[in-house]
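Undergrad: Residues per chain are reported as follows:
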Amino acid sequence: MSSPIDGLGLNWGELYERHSEELARFMVKLLGDRERAADLVQDTFLRAIRSENDLREAGSVRAWLYKIAANLARNELQRRSLIAFLPFGGQERSASEAFDASAAQIQHALRSIPRDQAIALVLHYQSGFSRAEVASLTGVSEEGVKSRLARGRANFIAAYQRLERGFRR
Amino acid sequence: MSDDRDPILEEERVRALISRSDGPMVIRPLPPVAGGRSRRYGPMLSAVAFTVVMVVSAAIGAGVINSLRQVPPSPAATTSGAAQATPPQASSSPSSAAAGFASADTAAAAARQALEGRDYGLLLRLVAPTGWYVRWYEQAQTDPMSLTEAVNWISDSSNATWRVDASTVYDAGTSRPVGDNYVTALALDFHGWAEQRADILLRQIGGRWFWSSLLLYRPPPLGASADTIVGYATLITLSDATVTIRFRTVGSLCCSDQSWNDRVVVLRRDDSTIYNKAGGVGASSLVDSGATVGSNVWVQFRLDTLGPDGSFRLAWIVAMYP
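Which chain is which? The protein sequence lines are A and B, in order. Letter by letter, the first sequence follows residues 1 to 169 of the numbering used here. Letter by letter, the second sequence follows residues 1001 to 1322 of the numbering used here.
Since the hints were made in silico from the structure, they are not lab data. These figures come from a predicted structure and were not determined experimentally. Yeah, the Cβ is synthetic: ideal placement off N, Cα and C, and Gly gets one too. Please note that the accuracy of each hint is not assured.
As the list claims (entries may be wrong) - Rough simulated footprint, nothing fancy, chain B against chain A, three-plus residues with beta-carbon under 8 Å:
#, region
1, 24-31
2, 41-51
3, 120-134
Given these sequences and hints, build the entire structure.
TA: In structure tokens:
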């Protein structure tokens, strides 16, 4: 998935086509808001383009993009921490679009746990980054990532089960 | 969580849940970045959903605006653009002396005519030349828009209908977005939402009155999975154990399943029922949510909770409006 970095002759259009959807999925999982996710994916790329020279140190374009995206997601979650709520979320959803309660339940459970744990969970379990890669992307040690993942799993399952009980009782 | 959980099973369950698909994504085109770099796009991109609006409406909106600017729009009190011509202005720019209205009352009347009559020329006169924005009650807000962006945003929903109550102009106080006064409105089928109550904020700028911002009270959406019903309803009666609601059509929709339109349903409350105030703020009880008899509410329940008495278990209830 990596693109050549040497020479920085990057074809951003091609990179956008290749990575925008997976970055959108990363954002949606964390934010539960497709429209905002689309905004932030664009923002991710524009930030990457502006700081293209820093890519030399990133190892891969994909990792670099995720690093920017994770920072944007963290900021967004922080901004919204007081108004996190499942069916509102600030998004505009087509009225005829099916509302997938289970997917929303997963997103809601993720938003109810500490954001660094949620980001680590999604980077590792959805985006497929190894613990070492997550450590590099998030700027913490590998041990720190293991701890975040372990706590994140427990908190996520507990939050998910609380929601599940609420839906099914 | 029990202490004797199996960590391997737990990890597999988390992996399965988190890797679950979230359905189709919204992917916008990468903005044109000449030479690989641009400093111009940051503020534009942070506007909520604005890029899509501009892409969709650019051809129509810009054309409408450009053509309308050739003919000065009608004053607020008229009902036809041709009925009372505006005197020729030194500039066709809406920010010229022709823009704005002499009083909050005439601006309110213009808002009604512009929105209910789809008079986009009047919108150009009414909307503040700079800084117009939208705030969703208790939620996000857009960045300030230019006049063209604002008019495009307002006129983007081709099926939208508005009902503006211009008969009473209220003092905006400090709890609303920027504006000195406001009038209330109802937007139907606007930007994908069946119904949203709205406050149209009016502000005096340079001695003239403009529409300065829009406060939208947006209820939760109507979609649901097959075994769940969600819908907009009126709360008819309530007791300690139940609420009775009647589903109602707002905009073009009542519920996730339209066959429930106008049905009266008894819903059982229990300790796991979730309550929210308008805008999504959590509430500890139905009373705390602000919903009472006669209120508009959004409800959610599962069909498999049907009890022998014909009631369903109420999973979630939200007061639609404060």
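Undergrad: Now look at each hint and say whether the structure bears it out.
TA: We went through each hint and held it up to the structure:
For the region 24-31 of chain A, the assignment as covered by chain B holds, since 4 residues bring a beta-carbon within under 8 Å of that chain's beta-carbons and 3 suffice. Under the rule that three or more residues need a Cβ within less than 8 Å of chain B, the assignment of the region 41-51 of chain A holds, with 7 such residues. Residues of the region 120-134 of chain A with a Cβ under 8 Å from some Cβ of chain B number 4, which satisfies the need for three, so the listed coverage holds.
Checked against the numbered hints listed earlier, the structure breaks none of them; every hint is satisfied.
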